[in-house]
Amino acid sequence: MKTPILAFTLSMIMCLGARAELKWEQTQIELHPAPNDKQAIGHFKYENTGSTPVHFKSVHASCGCTTAQTQKDIVPPGDKGEITATFNIGDRTGTQVKTVTVETDESPNQKTVLTLKAEIPQQLEVTPNFVFWKQGDKADTKTINVKAGKDFTVKHIKVTSSTADFQTKVEEAGSGQFKVDVKPQDTNKITASMLTIQPDDSQKVFYVTARITNGPMIPVAPIAPTAPARPSAPTGQTH
Amino acid sequence: MKFVLVRQAAILAALALLPAAGQAIYFHDKISWRSAIAPSEMVTVEQARGWGDTAIWVDARPDDEFASDHVPGAISLNEDRWNELLPQFLAVWAPGKKIVVYCSSLSCNASREVARRLRKEAQLPEVFVLEGGWEAWLKKNR
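From first to last, the protein sequence lines are chains A and B.
The working numbering numbers the first residue of the first sequence as 589 and each following residue consecutively.
The working numbering numbers the first residue of the second sequence as 18 and each following residue consecutively.
Excised from the complex, chain B in its bound form:
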């Protein structure tokens, strides 16, 4: 009886593996729409607020959302107008400053992309992505 149960479990597991294997083959070269980011490059609202004036807040959301409301003192830097906005951001950056990039929520990707470009293209150190984005900041501050 025990053997039969084990055998059945093994067969069911093998059946379950079939679609998993199919998915692995089909999606192996597909790119996730979210940029990968190391946990060390993420920061919580509490941590970022603790940095005080040593942090520059960067709003990666579109212009209209930034205009509607944003973290006090934040600078708008989105990919819609990257070439125009980047010099404005670089004008206020200074060595030793930490950069905290946020977008609208936990599921958004804009902050990750902006952070990636700041690290890679401008080669700036200490660039962090805010966990939970603007929604998380609102929860802690309103």
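So here's chain A without its partners, still in its complex pose:
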């Protein structure tokens, strides 16, 4: 009666023994880019420990913000190399997890998922980044909470409005926290303004939109922050 169990266990061991010849040094990399970094790059190193060459059939990133490059298409036995995954940070914040799926010819549908985890530092957390009043509403003050991000020290912030239609007042709440009061001059006038929040000793600017709306379908020309042109994202990937 023990024979079937033994056979099962042996088959499991044999299956494990016949696994991929491409050995990865690591399949998960955690990166901590600096505040102004545009990219986070991970190097996934491998070695062909088998006796036959390994062919890369496809290398596919999980999003258009990530590209992956192989150094070679065929890895001879004993050879080493790496796949370079480049994550374009853009305006992303917080924890970002991107994957690269690598398919080889080691066995049918042999796929390895490489994971790139990046912690994007955020100097300030601004919530909400949009305040609005309906036309004719009482011109109440609305408050925006501003908080220094983890590992950042912010003693003062400067807030400016792109138009005179909204007044702002900053109150320091201590421990890197601030309250920004926003008050419209007149809620009868349809208008929008871009508020810029800038920490002391920093070039980084954070944006808040303040707007008087009059209900659906009457757009107000935005006052968008300027940004440098970015290269197009790579094609052929899932976004």
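Hints are computed from structural coordinates only; laboratory data are not their basis.
It is possible that part of the hints are untrue.
[Said to hold, decoys possible] The calculated lysine-lysine pairs, modelled on DSBU-like cross-linking and capped at a C-alpha distance of 30 Å, are:
1) A/K735 / B/K137
2) A/K767 / A/K757
3) B/K115 / A/K726
4) A/K767 / A/K722
5) B/K137 / A/K705
6) B/K137 / A/K626
7) B/K114 / A/K722
8) A/K735 / A/K757
9) A/K767 / B/K137
10) B/K137 / A/K738
11) B/K137 / A/K777
12) B/K114 / A/K767
13) A/K771 / B/K114
14) A/K777 / B/K115
15) B/K137 / A/K726
16) B/K157 / A/K757
17) A/K722 / B/K156
18) B/K137 / A/K792
[Unchecked claim] Stretch by stretch, here's where chain B covers chain A in the computed footprint (C-beta under 8 Å, at least three residues):
19) 646-652
20) 711-718
21) 721-733
All values reported here derive from a predicted model rather than from experimental measurement.
Quick reminder that beta carbons are idealized off the backbone N, C-alpha and C, glycines included.
With chain A's structure known, arrange chain B on it following the hints.
For chain B alone, coordinates are given in the frame of chain A:
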């Protein structure tokens, strides 16, 4: 005989549990690359189309894909240029509007992230993610 079969089944089940337990321990602190989203925050193409003019369509795909083609009337809002594009979106948003965010396909994550940021950072209500994304919209409209 019956007892032996039951015992064998139990042993096999226990063997199968070993790698499962190992995986649970190894991956317990790993984050899934897809953002979690409640079913109530998803919307089908038919439902979203039924909302008519009360819906704003938001394209979370990269600029080049938006430029290539998009849902008629959709506004581009992706995380590559979030700070620049968000004010443009907020300029056309109005109270009472439903927001339908889409990316390329069922497996993409960009629409979930954009929807999450609209809810959390801009604190907008009624933000939905389109099931199946642009691919699903194409199937129903082309």
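Taking the hints in turn, this is what the structure says about them:
At most 30 Å may separate the alpha-carbon atoms for a hinted pair to count; A/K735 and B/K137 meet this at roughly 15 Å. Among the hinted pairs, A/K767 with A/K757 is consistent with the structure: their alpha-carbon atoms are about 8 Å apart, no more than 30 Å. Our distance criterion of 30 Å between C-alpha atoms is met by B/K115 and A/K726, whose separation comes to about 25 Å. Of the pairs offered as hints, the one joining A/K767 and A/K722 holds, with about 22 Å between alpha carbons and a cut-off of 30 Å not exceeded.
For the proposed pair B/K137 and A/K705, the alpha carbon gap of about 22 Å is at most 30 Å, so the pair holds. Proposed proximity of B/K137 and A/K626 is supported: the alpha carbons are some 24 Å apart, at most 30 Å. The hinted pair formed by B/K114 and A/K722 meets the criterion: a straight-line CA distance of about 14 Å does not exceed 30 Å. Taking the CA atoms of A/K735 and A/K757, the gap is about 16 Å. The hint holds against a cut of 30 Å.
Of the pairs offered as hints, the one joining A/K767 and B/K137 holds, with about 18 Å between alpha carbons and a cut-off of 30 Å not exceeded. For the hint pairing B/K137 with A/K738, the CA-to-CA distance comes to about 18 Å; that is within 30 Å, so the pair holds. For the suggested pair B/K137 and A/K777, the alpha carbons sit about 28 Å apart, so the restraint of at most 30 Å is met. With a CA separation close to 28 Å, the supplied pair B/K114 and A/K767 stays within the 30 Å bound.
Proximity of A/K771 to B/K114 is assessed by CA-CA distance (about 24 Å); at most 30 Å being required, the pair is judged to hold. Annotation: proposed proximity of A/K777 to B/K115 holds, straight-line Cα distance about 24 Å (limit 30 Å). Straight-line distance between C-alpha atoms of B/K137 and A/K726 comes to about 25 Å, which keeps the hinted pair within the 30 Å bound. About 50 Å separates the Cα atoms of B/K157 and A/K757, which puts this hinted pair outside 30 Å; it is violated.
The hinted pair formed by A/K722 and B/K156 fails the criterion: a straight-line CA distance of about 38 Å is larger than 30 Å. Distance restraint check for B/K137 and A/K792: the Cα-Cα separation of roughly 21 Å lies within the 30 Å cut-off, and the hinted pair is therefore satisfied. Evaluation of the coverage hint for the stretch 646-652 of chain A: fulfilled, as 3 residues show C-beta separations to chain B shorter than 8 Å, against a requirement of three. Here the stretch 711-718 of chain A counts 5 residues with a CB under 8 Å from a CB of chain B, which clears the bar of 3, and the coverage holds.
Counting residues of the stretch 721-733 of chain A whose CB lies closer than 8 Å to any CB of chain B gives 1, which falls below the minimum of 3, so the coverage claim is violated.
In terms of the numbered hints stated before, the structure departs from hints 16, 17 and 21, listed from lowest to highest.
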